[in-house]
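*Asks:* Residue numbers (my numbering), protein chains in the order written: chain A, 1 to 347; chain B, 348 to 665; chain C, 666 to 944.
The hints are simulated quantities; they were obtained by calculation from the structure and are not laboratory data. Some hints could be false.
[To be verified] Some, not all, of what chain C presents toward chain A, calculated at C-beta under 8 Å: (1) Lys834; (2) Tyr835; (3) Gln909.
[As the list claims (entries may be wrong)] With a Cα cut of at most 30 Å, we get these calculated BS3-like pairs of lysine-lysine: (4) A:Lys3 x A:Lys195; (5) A:Lys9 x A:Lys20; (6) A:Lys15 x A:Lys217; (7) A:Lys11 x A:Lys36; (8) B:Lys351 x B:Lys490; (9) C:Lys743 x A:Lys71; (10) C:Lys775 x A:Lys75; (11) A:Lys217 x A:Lys11; (12) C:Lys668 x A:Lys20; (13) B:Lys462 x A:Lys202; (14) B:Lys364 x A:Lys334; (15) B:Lys461 x B:Lys351; (16) A:Lys334 x B:Lys349; (17) B:Lys626 x A:Lys36; (18) A:Lys75 x C:Lys779; (19) A:Lys71 x C:Lys680; (20) A:Lys36 x B:Lys490; (21) B:Lys364 x B:Lys351; (22) C:Lys884 x C:Lys825; (23) A:Lys36 x A:Lys9; (24) C:Lys884 x A:Lys75; (25) C:Lys884 x A:Lys71; (26) B:Lys461 x A:Lys202; (27) A:Lys289 x B:Lys364; (28) C:Lys884 x C:Lys775; (29) B:Lys462 x B:Lys633; (30) C:Lys884 x A:Lys289; (31) A:Lys202 x B:Lys490; (32) A:Lys334 x B:Lys626; (33) A:Lys75 x C:Lys825; (34) A:Lys36 x A:Lys217; (35) B:Lys461 x A:Lys36; (36) C:Lys777 x A:Lys86; (37) A:Lys71 x C:Lys668; (38) B:Lys495 x B:Lys630; (39) A:Lys86 x A:Lys75.
Don't be surprised by glycine CBs; every beta carbon is placed ideally from N, CA and C.
The chain contents come next:
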Amino acid sequence: MTKVLPQGKLKDFLKDTMDKYSLVAPVREDGVVVLKPTADPEAVVTDYLNTVTSPKDFFFPQTERMFRFQKTEGKIRVEETTWQGKRVIFGVRPCDLGSLELIDRVFQEGEYEETYYLARRENTTVVGLACSSPGPTCFCTTFGITPGSPEGADLMLYPDGEGFVVEVLTEKGEALAQQTETLLEDQDVDLAEVKGRFEGLKVPLGDHLSVDGVAAKLDGMFEHPVWAELSPRCLGCGICTYLCPTCHCFGMTDEVRGDQGVRLRCWDSCQFSDFTRMAGGHNPRPTKKERVRQRFMHKLNYYVHRFGRYLCTGCGRCLEKCPVGLTMVHVIEKVNDSGTREVAVNE
Amino acid sequence: MKEKLSELKETVARLLKDRTVDFFIAYQAGHSQVEPIPFFLTTAEHVENLFLNNFCAHNLSKYLLDYLAGDEVVGVLAKGCDLRALKRLLTDHRVERGRVFVVGLPCIGIYDRKKVQEVYPAGLVEVVEEGEEVILRGETGDKRVPRKEYLLPRCLTCPDHNPEFYDLLLGEKVANGPLAEEDYSDVRALEEWAPGERRRYWTRQFERCLRCYACRNVCPACNCRVCCFDVAEPRWLGKGTSLDEQEMFHFTRAMHVAGRCTGCGECERVCPVNIPLMKLNKKLAKDIGALFHVPQAEIPTEVEPLGQFRLGDPDEFN
Amino acid sequence: MSKNPMVPNPATITKITSETGSGDVKTFRVVFDDPSLAEGFTYRSGQCAMLSVFGVGECMISITSTPTRPGFLEFSVKKVGRVTDALHEAREGDKIGLRGPYGNCFPLEKMKGKNLVFVGGGIGLAPLRSLINNVLDNRKEYGRVDIIYGARSPQDLVFKEELFQNWPKYQDTHVYVTVDAGDEEWKGPVGFVPPYLEEINPSPEGAVAVTCGPPVMIKFVLQSLAKMGYTDDQIITTLEMKMQCGIGKCGRCNIGDKYVCVDGPVFSVDQLQALPDEF
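The whole structure should be built from the sequences, with the hints applied where relevant.
*Replies:* Structure, rendered in structure tokens:
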């Protein structure tokens, strides 16, 4: 027996969820579908290819208050802020589910943990939504993800006929299933068969784009002319990095009023000119060439060296939104097409 | 526009071969028909990859700012709207006319990728113009739609189907004249709302802002050497995102480009979260037009309404 | 201490020494307010710490004191930007925040029994000072020590008391100081560090060279050392990149796949050769 959420019960599912959790879900607003905290199940949509913004926003928010400080007569008091909440993020696509696992590695592994991210991760239940019809910008299969991959979800929904076939993957998912159990029907459905159907769906772009050997090839391409060729059209904006579900670079800033203030951790972008500019003025990445190279080397080479996987899940947001088509697909194609000869510049 | 491709290829190849230009900025094919992308050609061999269709929206002249330090002569393909942007850069003394070789491109309108993709999310092969209608021709068949409804907003009121000046014109001039008069109807509609309603509308827009700065980076009027928002000290704008900071950014930018905005709408076109930035810019253009008796606030002039001071000015200069 | 590595610990500036004539370099002696931290904080020469001026921001500064002299930490800071400007405004008794220590350290084990050549320029003597005092506090474990140091002018020399009085007193420890341009009172050598180093010409035999200073000086010092017969694995230097988190997460101080905050700042030249040229 497999649990199924009938289509007609979806709003009730969200309502019951909200009894115990705060809800973040896809909402259509001024022509775009964004993930947003919402208290209105009626506003939640499921007819989207993917949300414009990615779920990372709710684990690694654009602005995170790290701590408060207060200066009083010869003393300083530092008060750490920790995120308190119990949240469900609904409707996360497989590519975005995969991206959470990639950011987890960065913030979890090594000598130090990034506790703000981990606190949000621990207290959030992720409801995945398998893709019935991958779009023209989707290429998840390039990175071994399929329209039905549940990895990264606590509870996965597979749209099937008049409802959603439910797969519980973790304890958090189990807790949510219990919270909504009156709405989930036990039906004679073969979960493996349903999953297999999604896993086998065609992803036209991804199915034809291979990333095999790209990391190794890039080992010898730091000085390759491809970067000078790709970078002039870059606008130096932050669209790619801010919409990317795997980009996770940040900076810190203090905001102060009188004797008290907060330190914020804010998104930052390797495409911004001041990202690596040092106090004395020296900038190791002074032009668009170095900055564009950094972004793609990070995703297709540096991260692979550190964590053994590519830092991209083929969500297609850069294809959809980069105003000048400086996309992951374009770069992978360029790398695949280029010779590996190393060209020494400035010599 | 497509039919001019072979002439463009010949022209650019010649300009590069005879060193009239050191490199040339035009378009290449992107991920699909609806998204051609900027292309920097450095040799005549590159012309094989040139691309031209009626989705070539990008204003390429903004890239000239990336080459101020050198002494190269840069060739650039410019539609009427792009030429206005170039005129902005020339008027602001940011770019030297002698270092730009303009290949003018007559244009009767560029299609709005977002609108076309609503009808044809994938597999569009071409757009065929037939009078007041267009045929969206795709892998799964044709769709006939009214032309006006699928153009970029800027194209409807475009006064310059032919670039105002150029070093060389591609093909013949086309009949000029805007498809519609600029009546600021969208601004007027907003003006009629109750203040609270307007507040809620703009709050929703700016709360969505990611502060990616794409609007600023693509804007020909945003051509400062160093943007005040990129300066670490004094820090005019916090790195943190909040409605306050977003408004500070957008209002400052709108006021800074007021009277200098060329109406190209590139800011709105590239915004990843659909913030209707042109409503802000148009509101200012409309008010400047009315207050300073400027007929077309979007046309760069040597002496701008907000860029001059007269001794007889009734307002104090402070 | 908080489990959260991003939260600084309150500390007090107990002593401020102005190092240079213009006062653009100051050394801050700092003690943690939490007594358990003041005693329990351990670090190694070459490591850095994040200094917070609350309300202004943070900056990564190398620890210039030596773990062999516990009880306090010292940081020599040049006034170059927002945070360092604010630090320079501080007075003794003021509160700052401190977190760390971060990064790797100088390979002291590898240096034991070796002749040591320290080559510093300007404020680059700060990380070396920790190492030099560490070595001198265990003087018997190392061979001959040569310290070659230069600054733009006599006014720009830092740690003058140690350079001219303390360090030369140690056995078999030789201090050579040069300035790019002298003044009326300067009686010492005048000239850039790299040619001066070649003039002194300490033997590469059984030696390890450690160099720290402005990038252009390091570039030429490395050339000089190579000319003098030092191999890449005998030369150690430190790198500087813009840092924010200090814990390998924020993604800006990388050179290739190495993050200077956790994998550096100390690198041997043969390690540097394997990195892309982007620093």
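*Asks:* Now tell me, hint by hint, if it's right for this structure.
*Replies:* For each hint, the structure was consulted:
no.: 1; hint: Lys834; result: violated (34 Å)
no.: 2; hint: Tyr835; result: violated (33 Å)
no.: 3; hint: Gln909; result: holds (5 Å)
no.: 4; hint: A:Lys3 x A:Lys195; result: holds (13 Å)
no.: 5; hint: A:Lys9 x A:Lys20; result: holds (18 Å)
no.: 6; hint: A:Lys15 x A:Lys217; result: violated (50 Å)
no.: 7; hint: A:Lys11 x A:Lys36; result: holds (16 Å)
no.: 8; hint: B:Lys351 x B:Lys490; result: holds (24 Å)
no.: 9; hint: C:Lys743 x A:Lys71; result: holds (25 Å)
no.: 10; hint: C:Lys775 x A:Lys75; result: violated (43 Å)
no.: 11; hint: A:Lys217 x A:Lys11; result: violated (49 Å)
no.: 12; hint: C:Lys668 x A:Lys20; result: holds (29 Å)
no.: 13; hint: B:Lys462 x A:Lys202; result: holds (26 Å)
no.: 14; hint: B:Lys364 x A:Lys334; result: holds (26 Å)
no.: 15; hint: B:Lys461 x B:Lys351; result: holds (25 Å)
no.: 16; hint: A:Lys334 x B:Lys349; result: holds (26 Å)
no.: 17; hint: B:Lys626 x A:Lys36; result: holds (24 Å)
no.: 18; hint: A:Lys75 x C:Lys779; result: violated (46 Å)
no.: 19; hint: A:Lys71 x C:Lys680; result: holds (20 Å)
no.: 20; hint: A:Lys36 x B:Lys490; result: violated (35 Å)
no.: 21; hint: B:Lys364 x B:Lys351; result: holds (20 Å)
no.: 22; hint: C:Lys884 x C:Lys825; result: holds (25 Å)
no.: 23; hint: A:Lys36 x A:Lys9; result: holds (21 Å)
no.: 24; hint: C:Lys884 x A:Lys75; result: violated (44 Å)
no.: 25; hint: C:Lys884 x A:Lys71; result: violated (44 Å)
no.: 26; hint: B:Lys461 x A:Lys202; result: holds (24 Å)
no.: 27; hint: A:Lys289 x B:Lys364; result: holds (26 Å)
no.: 28; hint: C:Lys884 x C:Lys775; result: holds (23 Å)
no.: 29; hint: B:Lys462 x B:Lys633; result: holds (26 Å)
no.: 30; hint: C:Lys884 x A:Lys289; result: holds (24 Å)
no.: 31; hint: A:Lys202 x B:Lys490; result: holds (25 Å)
no.: 32; hint: A:Lys334 x B:Lys626; result: violated (39 Å)
no.: 33; hint: A:Lys75 x C:Lys825; result: violated (33 Å)
no.: 34; hint: A:Lys36 x A:Lys217; result: violated (40 Å)
no.: 35; hint: B:Lys461 x A:Lys36; result: holds (22 Å)
no.: 36; hint: C:Lys777 x A:Lys86; result: violated (55 Å)
no.: 37; hint: A:Lys71 x C:Lys668; result: holds (22 Å)
no.: 38; hint: B:Lys495 x B:Lys630; result: holds (23 Å)
no.: 39; hint: A:Lys86 x A:Lys75; result: violated (35 Å)
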